[in-house]
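Peer 1: Going down the list, the protein sequences come from chains A and B.
Heads up, the working numbering is the position in the first sequence plus 50, with the first residue counted as 1.
Heads up, the working numbering is the position in the second sequence plus 50, with the first residue counted as 1.
Do not take every clue at face value.
Claimed, not checked - Below, simulated DSSO-like cross-link-like pairs (lysine-lysine); rule was C-alpha separation at most 27 Å, straight line:
hint, chain 1, residue 1, chain 2, residue 2
1, A, Lys207, B, Lys238
2, B, Lys52, B, Lys257
3, B, Lys238, B, Lys182
4, A, Lys207, A, Lys180
5, B, Lys133, A, Lys207
6, B, Lys196, A, Lys133
7, A, Lys258, A, Lys55
8, B, Lys55, B, Lys133
9, A, Lys180, A, Lys156
10, A, Lys238, A, Lys180
11, A, Lys238, B, Lys238
12, A, Lys155, A, Lys55
13, A, Lys196, A, Lys207
14, B, Lys207, A, Lys238
15, A, Lys75, B, Lys207
16, A, Lys207, B, Lys207
17, B, Lys156, B, Lys238
18, A, Lys261, A, Lys248
19, A, Lys155, A, Lys182
20, B, Lys75, A, Lys207
21, A, Lys238, A, Lys261
22, B, Lys238, B, Lys155
23, B, Lys139, B, Lys207
24, A, Lys180, A, Lys258
To be verified - Far from chain A by the CB rule (all over 12 Å, computed), these chain B residues:
hint, residue
25, Lys182
26, Ser189
27, Thr269
Bear in mind the hints are in silico, worked out from the structure with no lab data behind them.
Every value quoted in this text rests on a predicted model; they were computed, and no experiment measured them.
Backbone N, C-alpha and C fix where the C-beta goes; we use that ideal spot for every residue, glycine too.
Protein chains: 2
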Amino acid sequence: MKTNKDFIDFLSPHVNERRMGLLNKAIENRTRYMTVVLEDIYQPHNASAVLRTCDCFGVQDIHIIENTNKYKINPTVVRGASKWIDLIKFNTQENNTLFAINTLKKHGYRIIATTPHTNDVELQDFDVTKGKFALFFGSEMPGLSKLMLDNADEYLKIPMYGFTESFNISVSASIILHHLRLQLQTHKIDWQLTQDEKELILIDWIKKNIKHPENYIKTFYG
Amino acid sequence: MKTNKDFIDFLSPHVNERRMGLLNKAIENRTRYMTVVLEDIYQPHNASAVLRTCDCFGVQDIHIIENTNKYKINPTVVRGASKWIDLIKFNTQENNTLFAINTLKKHGYRIIATTPHTNDVELQDFDVTKGKFALFFGSEMPGLSKLMLDNADEYLKIPMYGFTESFNISVSASIILHHLRLQLQTHKIDWQLTQDEKELILIDWIKKNIKHPENYIKTFYG
Numbered sequence: 051m052k053t054n055k056d057f058i059d060f061l062s063p064h065v066n067e068r069r070m071g072l073l074n075k076a077i078e079n080r081t082r083y084m085t086v087v088l089e090d091i092y093q094p095h096n097a098s099a100v101l102r103t104c105d106c107f108g109v110q111d112i113h114i115i116e117n118t119n120k121y122k123i124n125p126t127v128v129r130g131a132s133k134w135i136d137l138i139k140f141n142t143q144e145n146n147t148l149f150a151i152n153t154l155k156k157h158g159y160r161i162i163a164t165t166p167h168t169n170d171v172e173l174q175d176f177d178v179t180k181g182k183f184a185l186f187f188g189s190e191m192p193g194l195s196k197l198m199l200d201n202a203d204e205y206l207k208i209p210m211y212g213f214t215e216s217f218n219i220s221v222s223a224s225i226i227l228h229h230l231r232l233q234l235q236t237h238k239i240d241w242q243l244t245q246d247e248k249e250l251i252l253i254d255w256i257k258k259n260i261k262h263p264e265n266y267i268k269t270f271y272g
Numbered sequence: 051m052k053t054n055k056d057f058i059d060f061l062s063p064h065v066n067e068r069r070m071g072l073l074n075k076a077i078e079n080r081t082r083y084m085t086v087v088l089e090d091i092y093q094p095h096n097a098s099a100v101l102r103t104c105d106c107f108g109v110q111d112i113h114i115i116e117n118t119n120k121y122k123i124n125p126t127v128v129r130g131a132s133k134w135i136d137l138i139k140f141n142t143q144e145n146n147t148l149f150a151i152n153t154l155k156k157h158g159y160r161i162i163a164t165t166p167h168t169n170d171v172e173l174q175d176f177d178v179t180k181g182k183f184a185l186f187f188g189s190e191m192p193g194l195s196k197l198m199l200d201n202a203d204e205y206l207k208i209p210m211y212g213f214t215e216s217f218n219i220s221v222s223a224s225i226i227l228h229h230l231r232l233q234l235q236t237h238k239i240d241w242q243l244t245q246d247e248k249e250l251i252l253i254d255w256i257k258k259n260i261k262h263p264e265n266y267i268k269t270f271y272g
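Model the full structure from these sequences, guided by the hints.
Peer 2: In structure tokens form, the structure reads like this:
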């Protein structure tokens, strides 16, 4: 039986060597231990900036909650940045926020609201060893929904020492993802993708680097 | 002889109590151990975002190099964000970049280019204990000048693990300042302002919180 690994070995020679090296390196740095959820971000440039940051720090999955039409993300803006990450959209339910939270909980994620709260921890005190976690970000205004806050397991804030009260979402996400990524490495947590996950994503990436991938699929599977 | 401390004690009762608490707290978190230098940032919203970040992480001084008129920062955009920090502009010399570097070196700063380079260190390996440091940021394009790079003592980069090659300047500055601020605290470095510095800045801040401060100055100094 032909495996995904066989398929990768079959496709790889058709990708530029330097490029293939980049794909192989990037896949080793991808994680689903830490994931990002955007709730009703209606400024496309902010969403797009967060997607870029996720790519930079190896976050493979971004979950996008769209509760109202008016908040819908502009797909043309997101597309470019999302080529190398998996976008999971929640926009078909009556309550997409709750559905996203429950789905992520079912997959074993701690639900983290990134916002100041009476029970928050500061970023440097967040314990990455307690299991995989989903970081929820809301718009600068009005912020995360009450429903999200009521259903969060933990609350996380960036310590600030001046007069400015908040960062915009792309800055917040960057600070948090950079810091927690480093923590994952420091604590020697098993944050990498499984071999199966790596192979599936790699096949997807390789296809995006080949013209007419459907021809290769036909040849390989006969 | 009347001291700055006396002047502060004289002025303080005229500031709203909650506000005065905020000023006193913020001043304890200010630092000149770490400082920021912007070289020819011609997008006002980027400069403004960096200033906000500096305030958040307690960086008191921002140095702004303006080598060409076309790169001049829009003062109306910067003003709001710069109310609580000290802006030092370098725009009168033939070579403002070199003048800024030499001035900062004279004051004991390590000159750090925040850009990938053959001799760079990754952010997590940057040693904050080796003395105070000035972080130079350039525009996304064309980046820091060759002159700046040739005269830097050290090079610093944010590790990136994906396909995206760079962050915009406000994201870079936020990641770097957040991380290094934490390092200053972790290494128990003497990063705070001196008592003299604190008092001078506090007087400046208090004046900004009082209507007609000149009347108080007259009364106090007689």
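Peer 1: Would you mind marking each hint as holding or not holding in the structure?
Peer 2: Each hint, compared with the structure:
1. A:Lys207 to B:Lys238: holds, 22 Å
2. B:Lys52 to B:Lys257: Holds, because 18 Å separates the two Cα atoms, which is no more than 27 Å.
3. B:Lys238 to B:Lys182: Distance ~13 Å between B:Lys238 and B:Lys182 Cα, so the pair holds.
4. A:Lys207 to A:Lys180: holds, 18 Å
5. B:Lys133 to A:Lys207: The hint holds at about 25 Å.
6. B:Lys196 to A:Lys133: Violated, at about 34 Å.
7. A:Lys258 to A:Lys55: holds, 17 Å
8. B:Lys55 to B:Lys133: Judged against 27 Å, a Cα distance of about 22 Å means the pair holds.
9. A:Lys180 to A:Lys156: It holds: about 16 Å lies between the C-alpha atoms, which stays within 27 Å.
10. A:Lys238 to A:Lys180: holds, 13 Å
11. A:Lys238 to B:Lys238: Holds - the C-alpha atoms of B:Lys238 and A:Lys238 are around 25 Å apart, at most 27 Å.
12. A:Lys155 to A:Lys55: Not OK: A:Lys155 and A:Lys55 at ~31 Å, beyond 27 Å, violated.
13. A:Lys196 to A:Lys207: Given that 27 Å is the threshold and the Cα spacing comes to 17 Å, the pair holds.
14. B:Lys207 to A:Lys238: holds, 22 Å
15. A:Lys75 to B:Lys207: It holds: about 18 Å lies between the C-alpha atoms, which stays within 27 Å.
16. A:Lys207 to B:Lys207: Holds. A:Lys207 to B:Lys207 sits at ~25 Å (cutoff 27 Å).
17. B:Lys156 to B:Lys238: The hint holds at about 25 Å.
18. A:Lys261 to A:Lys248: holds, 22 Å
19. A:Lys155 to A:Lys182: holds, 10 Å
20. B:Lys75 to A:Lys207: It holds: about 18 Å lies between the C-alpha atoms, which stays within 27 Å.
21. A:Lys238 to A:Lys261: Violated, at roughly 39 Å.
22. B:Lys238 to B:Lys155: holds, 24 Å
23. B:Lys139 to B:Lys207: This hinted pair holds, its Cα atoms lying about 25 Å apart.
24. A:Lys180 to A:Lys258: violated, 36 Å
25. Lys182: holds, 18 Å
26. Ser189: The assertion about B:Ser189 holds, with a minimum of 17 Å to chain A.
27. Thr269: The assertion about B:Thr269 holds, with a minimum of 27 Å to chain A.
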